[in-house]
Amino acid sequence: EAGVAQSPRYKIIEKRQSVAFWCNPISGHATLYWYQQILGQGPKLLIQFQNNGVVDDSQLPKDRFSAERLKGVDSTLKIQPAKLEDSAVYLCASSWGLAGGLNTGELFFGEGSRLTVL
Amino acid sequence: SQELEQSPQSLIVQEGKNLTINCTSSKTLYGLYWYKQKYGEGLIFLMMLQKGGEEKSHEKITAKLDEKKQQSSLHITASQPSHAGIYLCGADTSTGNQFYFGTGTSLTVIP
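These protein sequences, in sequence, are chains A and B. All the letters of the first sequence, read from the start, carry residue numbers 1 to 118 under the numbering used here. All the letters of the second sequence, read from the start, carry residue numbers 1 to 111 under the numbering used here.
Honestly, the hints are just simulated from the structure, not real lab data. Virtual Cβ for every residue (Gly too), placed ideally from N, Cα, C. Some clues are possibly wrong.
Derived list of chain A stretches under chain B, where covered just means 3 residues or more per stretch with a C-beta under 8 angstroms from a C-beta of chain B [as the list claims (entries may be wrong)]: (1) 12-21; (2) 41-48.
Pairwise CB distance ranges (calculated) [stated by the list, open to error]: (3) T77/B / P81/A: 28 to 34 angstroms; (4) T116/A / S10/B: 44 to 50 angstroms; (5) S7/A / Y39/B: 17 to 23 angstroms; (6) Q14/B / D63/A: 21 to 27 angstroms; (7) Q17/A / T62/B: 23 to 29 angstroms.
Partial list, computed: chain B residues near chain A (C-beta under 8 angstroms) [unchecked claim]: (8) Y33; (9) E41; (10) F45; (11) I61; (12) H83; (13) A84; (14) L88; (15) Y100; (16) F101; (17) G102; (18) T103; (19) G104.
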């Protein structure tokens, strides 16, 4: 089966510019996650969707970050305007169900989108 | 907020040596997952533990979850260069449906 697809793999922008990342989860997966991973740290959950609804976005910097999952399938994560500290790998993951639910299983990850802000 | 602490932060071992990585939560875990990440790549699922006292093995890697379901250990026997990477524990916490990751352990295996 096809895995989680992310694009672009790499992006270099200057501060105050905007950027968008796209994620296509595994077909049939209800839950989609966006994580930010700064070099040397574990992934930090930015936002979690269940179908097209938001389960948790408590760690999403809403003044500059936005995410949507229209139709409960693909998702986009946008940063506008970018800051130097946004340089990181943005990981998208999907799973069958909600964490803590009966059908959580494992999370399947894409290869990530590496952002460098100059 | 970070709810999972891993130790050690980094580890350098000689090939053939055994090693252990720990993951500790301040809250009861519904499920504990171990992932491995190579630099510049996505995360690869290793194992999932859900029951207190559960232990699972895959090849030379063994993971355990304590009876209280607040601590897990990952043990690698006779380490090889292919084991090198970043090991991450992840968990469903009792505070809701969010899935969080630990701080990560960087493993280097010297041939």
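Verification of the supplied hints:
1. 12-21: violated (count 0)
2. 41-48: holds (count 6)
3. T77/B / P81/A: 28 to 34 angstroms: Given about 49 angstroms between the Cβ atoms, the range is violated.
4. T116/A / S10/B: 44 to 50 angstroms: violated (24 angstroms)
5. S7/A / Y39/B: 17 to 23 angstroms: With Cβ atoms ~20 angstroms apart, the hint holds.
6. Q14/B / D63/A: 21 to 27 angstroms: The hinted range 21 to 27 angstroms is violated for Q14/B and D63/A, with Cβ atoms some 48 angstroms apart.
7. Q17/A / T62/B: 23 to 29 angstroms: violated (47 angstroms)
8. Y33: Y33/B check passes; min Cβ-Cβ to chain A is 6 angstroms, inside 8 angstroms.
9. E41: holds (6 angstroms)
10. F45: This interface hint holds because 4 angstroms falls under the 8 angstroms limit.
11. I61: Status violated, d = 15 angstroms.
12. H83: Check failed: Cβ of H83/B comes no nearer than 19 angstroms to chain A, outside 8 angstroms.
13. A84: violated (16 angstroms)
14. L88: Hint holds; L88/B Cβ to chain A Cβ min 6 angstroms, cut 8 angstroms.
15. Y100: holds (6 angstroms)
16. F101: holds (4 angstroms)
17. G102: holds (5 angstroms)
18. T103: Since the shortest Cβ distance to chain A is 5 angstroms, the answer is holds.
19. G104: The hint holds - G104/B has a Cβ within 8 angstroms of chain A, the shortest such distance being about 4 angstroms.
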